[in-house]
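A.B. asks: Let the hints inform the model, and build the full structure from the sequences given.
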Amino acid sequence: MVNQRAATIPANAGPSNWVETTEIAIPEPPAGKIVVKTVAYAANPTDWKHVEFQQSHTGDIAGSDASGIVYKVGEGVTDFQVGDVVSTFSHGNFLHDRGCFAEYIIGDVETTIKYPHGDEFPAEKLPVGEYRSGAIDTFEGAASVTLGLTTVVLSLVGNLNIDPAVDHSDEYLLVWGGATATGILAIQVAKLGLGIKVVTVASKKHTEYLKTLGADVVVDYHDEDAIAQIRAATKGAIKYALDTVAQPETWQSVYDATRDSEKASLDNLLMLPLSSIKQDDRDPASTTVAPSTLAYVANGEDVELFGAVMSPDASILSRYNNFWKSKLPSLIPNLKHAQLKVLAPGFNSANEAFDLLRDGKVSAEKVVFSL
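The numbering of the sequence shown is the working numbering, which starts it at 689 and goes up by one.
No wet-lab data here; the hints were simulated from the structure. Among the hints, erroneous ones may be present.
With a cut-off of at most 16 angstroms between alpha-carbon atoms, the simulated EDC-like pairs for lysine to aspartate or glutamate come out as follows [to be verified]: (1) 760 / 716; (2) 737 / 989; (3) 725 / 791.
C.D. replies: Written out as structure tokens, the structure reads:
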């Protein structure tokens, strides 16, 4: 058995001790899946939350985002070949044989992106430092987008059912949290892939940046009249909304902002129901809540979290997969990743990355590192 290095969850994991570098076996690809030789990695809030909320187990492979080169393909895989440059999202911090912070990882084809221009990615690692938002032209940049894009496509196309074949030019999508890693990608997919107008909420310092990504209206959430500004700008044309912050107060604000909409479908990333907020006197049938987006089911497999089993809906997955395979590849050359904060090479940087995320020290950027 040939071993590899991996960042796994240690006993008594917690702040500054989220992962340890261990040796595990190099996996073989199951049927319908691939094995990726990784190059770069990105940290996500879900990583440290799995540990802190006791969903991880000692020995689980950490990490949810990585980029690299296809090393092996499993039986039945036709969309990927050995040597392809890819980025992939996997349910990390949860299983002994899945996760992204390892030298060789199993990738789901449903949550893997191929970069035809990947042979132009620099072989050299990005030095430690800050890098501006830009085209996906490095392994670090590629590592930063896959969980976000999985979430966005599953929400907008799958759960909210925004049909890319329909004209949405007179409609608005509200993105609450436009400067979050997910919000940055949601704005771009909405504009480039769905042709819908975007109103988003973020700190004023991000206004011009978000407009360069395609936001039509940007409102500062600090403003006391933020909801009134949104309603005045959109004039009842918000048909869809995604709350990427997903806190009770932001979920309430999303609902309030759609007061004038004849029909509105809402989604959030924390499975918050409409019953959790104060509702007004609008027709209850005018506002619906989509099945909350959980990226872990995008590969078509059931997921058990907090004692509950989440199962993917076949129609939602069909819409997601159609867009992922037929539309997303044409968008990739025009998408921009968030600003990157590059840490020192090595799996130990996962500890620093998770600390930064947990302590709220990351805004409008992705924390990445390489081997």
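A.B. asks: Does each hint fit the structure? Answer for all of them.
C.D. replies: Hints, verified against the model:
no.: 1; hint: 760 / 716; verdict: holds, 8 angstroms
no.: 2; hint: 737 / 989; verdict: violated, 21 angstroms
no.: 3; hint: 725 / 791; verdict: holds, 6 angstroms
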